[in-house]
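Given the structure of chain A, go ahead and fit chains B and C onto it with the hints provided.
Residue numbers (UniProt numbering), protein chains in the order written: chain A, 1 to 346; chain B, 1 to 324; chain C, 1 to 318.
I should point out that these hints are in silico values taken from the structure, not numbers from a laboratory. This one's a predicted model, so the numbers in the text were calculated from it and none came from an experiment. Any given hint could turn out to be false.
Said to hold, decoys possible - Just the calculated beta-carbon pair ranges, DEER-fashion: (1) ILE312/B to LEU265/A: 17 to 27 Å; (2) GLU271/A to GLY54/C: 19 to 29 Å; (3) SER267/A to LYS28/C: 50 to 60 Å; (4) VAL174/C to LYS128/B: 29 to 39 Å; (5) LYS128/B to SER312/A: 51 to 61 Å; (6) GLU315/B to SER267/A: 15 to 25 Å; (7) ARG144/A to GLY200/C: 50 to 60 Å; (8) GLN23/B to SER202/A: 54 to 64 Å; (9) LYS28/C to ASN16/A: 47 to 57 Å; (10) ASN74/A to GLN23/B: 55 to 65 Å.
Claimed, not checked - For lysine-lysine, the following DSS-like pairs were computed, each having C-alpha atoms within a straight-line distance of at most 30 Å: (11) LYS90/B to LYS266/C; (12) LYS37/B to LYS270/A; (13) LYS129/A to LYS206/A; (14) LYS14/B to LYS19/C.
The beta carbon of each residue, even a glycine, is placed where N, CA and C say it ideally should be.
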Amino acid sequence: MNNRLLEVKNLQVSFNTYAGTAQAVRGVDFHLNRGENLAIVGESGCGKTVTSKAIMGLLPSPQTIIGKENSYINLEGQNLLELDDDKMAEIRGRDISMIFQDPMTSLNPTMKIGEQISESVFLHNNISKEEARKVALNMLELVRIPNAKLRMNQYPFEFSGGMRQRAMIAIALACNPKILIADEPTTALDVTIQAQIMDLISDLQKELNMGVILVTHDLGVVASVSHRIQVMYAGQIVERGTVDEIFYNPKHPYTFALLKSVPKLSSNNKETLYSLTGTPPDLINPPKGCPFAARCEFGMKICRVEEPKPMSFGDTQEASCWLHDSRADITGVPRELISRGETYGK
Amino acid sequence: MESKEVLIEVKNLKKYFKVGRKQVLKAVDNVSFNIYKGETLGLVGESGCGKTTCGKTIMGLYDATDGEVIYEGENIHSFNTQEKREFTKKAQIIFQDPYSSLNPRMTVGDIIGEGIDIHHIYKGANRKKERQEKIFELLDTVGLNKEHTSRFPHEFSGGQRQRIGIARALAINPNFIVCDEPISALDVSIQAQVVNLLIELQRERGLTYLFIAHDLSMIKHISDRVGVMYLGGLVEFTTSDELYRNPLHPYTQALLSAIPVPDPEEERVKKRIPIDGEIPSPINPPPGCKFASRCSLAIDKCKEKMPEFKEISHEHFVACHLVK
Amino acid sequence: MNSFESNLNVVQNEKIIDKNMFERVGTKGLSGEEISKPSLTYWSDVWRRFRSNGLSILGLILLVLVVATIFVGPLISEHDYQYINTDVKDLKPNSEYWFGTDDMGRDLFTRVCYGGRISLLIGLCCTLVKFIIGSLLGALAGLKGGVIDNIIMRLAEFIGNLPYLIIVLILSVVLGRSIFALVLAMSITSWVGTTRMVRGQILQIREQDYVEAAAALGSSTGRIIMKHLLPNTLGIIMVEITMSVPGFIFGEAFLSYIGLGVQAPKTSWGALASAGQEQLMFYPHQLFFPCLMIVITMLAFHLIGDGLSDALDPKLRK
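Isolated chain A (complex conformation) (with noise of 0.2 Å):
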């Protein structure tokens, strides 16, 4: 028990809109160990980023309401809900950290990029200025940036998009924390820059063991860098399992639609690519049942009235969907869908 590093139980997170409450996260249970990398896959609109978000204690405070009956934020031991404003600032940075999607937006731009670094390494540690830049100087020489002394004294604009965020990256790591929270770290990259920066992201991980958590509504971006993932729909979790489970054994049809609608290269030109219908349903009034029915082609009446309860199929995977049930129509459902055995690893 004492890898854990961070234990999220039943987050519930709503927001006040004109036209009522959108429960963006909706009981949202999981766990992070030391040294591990876990992705949060799903769409614009799940409640992946603000599930990160309220992990981070960055959610805006009017608007937001978080649910605190019988939940909390477990970071070794201390509850993150429970935490004022001064002391969730304190762990920001320090304990985790995060880096977001935009590297235009998320620097200063009026801030040498050795500044910024030293800065945050500054607030949260008790040394001389002198140390943290030495410190910053380090950072920038551990995401690899080259000429790392020159670059200190640089202004962002003069840094590319990859650049800057490998320093986003360093600046997040200056104060060496113990989880590292990364919202769609490479949507707004080249594809020759994305993969560069995933593998710094791996690469860091395992230098530094810390926890990471990955936040992509891309699942061809985590095949390669994450060791478990869950995927979100409609603030909740539809299914979790290890890499090879849920891209070899998908248990949910989300899962299922989100691996198949992505082309290979090896595929066919021009073939329809298996793909959703419609759009994820609104929070502000979310179905009755499985609130994934309005798009599954395998929904069956009773998708539409309860709800369906989390089933686990080994140690580590988990799903909620009615065609597990055994009492299912699973005629016409793809059989990796439904196998019950092992028959992943190809």
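Frame of chain A, contents of chains B and C only:
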């Protein structure tokens, strides 16, 4: 393949932008290719390689600095204002950003009907009704329903907005559509929706696409032929199967290897071809091969002399000194 | 639907699920494209956010009160604003003369109402002139760019740097002291800011894809301006309008106060304040009431302007 009819011929197209007083940004530098009727031509490259500028110059949104774009025998860059207006009925564009491409103050119906209004497509007493029916039909084509006509863009999701953009382009029945990264701002799960729709429309209406993207896997899926652009010029141009099976240019090879594969085992064994650094500035590009500064195979010759863009095998063009 | 409901009861009460509940229905009858939120036009959304701001509603109420007083007040008070009655000089506010009387025995309440009409008129006229000149030049500069942009912006810089008081003095010498001269003098220097703002907006909106899409559809420049550029700058222009009316009212008050503004027998809040100031030591109410009206009106416009700019800010849209 049956006989291919050329719809658009791009000849030595150049598009330069003035930057400051003296400097010139060569966004598109001497690009030539043909687009066949009914095909999808893919243009792929990193951001800043000039692919979007190239697409917009081909459809006449930008004036060319030099070179010709010949559409059915006529150079569109020598058109006068009236001819240009007529040409917009034939060539349309779908934009990348579904948020900034729809006017927030207009209803979906008015957005889709804009082309109909501009060109006065329907004349006579029934024109209002005909316009309305056409809009309903278009909404249905892109998978939305009638009730959406009076709604405003901000009420829709990204994928829905992109489909509204497609309906707007289709309203005046164009033959040729430039798809400028139509899926790169969308969630992966929604991308398939839009791509399927585009392929279906092409089958039904015989449309010709110029499909621009930075994602090689989607380009490969949708295109018949693909051009790989780097810093304003084409480095490789061939059919999409050939490009995937037999990539010759080191840049194409690197691009292909950088694509994340949704398969953990394949990813674990895959060796990426490293591609250092990032695309250099197109202002004052280095002499010689533009890719030389990032190419792991570069020899001295690459830094001195620009490689010729030559046909290596049937319909396979490459610009690289190392490819013989 | 009924059978669904009855089945639901089974589920909840007995936790036994009927076998036929597992019948495949796919996505039949459910639309993944439905929008359940009520439709909201741009302006009704703006109004919704404006309404939720208590202060801006207070501003709106204050403004309505001021305008109502100005126009209805003289009818109720039954005094003439020019009627001189030396018997009732310098009275304190009482039931007959609500704001008291001035040094010539004229009813101050009626005079404040009439003065208010002139002040508001001047404020609105100047704003109108400012916005017509400012928006046109700004839109032209932003759209055409190049030489035209250069000429307009240099002109704006030149005008913007002229000392405002000197222009007013020169104009009042040349044109005489009329309301027309006053409006001209105040608006001739004021359009500079609006031009800059509209130009900036147009430059920004011009880069939006929907403008390019309209051009790709074959729109003429005129249509692009009318359909795409202007509607999208309207919000910010509206905020500027509400914010500049009080500025002009105050400007008029200031000019009248130093004797360059509205001339007798006409009056305005500024002229009234100027007259009241001479009597400040003995009859402070003669200064107090015109000033009060100026303050209330300016406050009302500022509150409304603040509320509008919040309501129009796309970032605050939720």
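Inset, instruction - Enumerate the violated hints, using their earlier numbering and listing them in ascending order. - result: 2, 3, 4, 7, 8, 9, 11, 14
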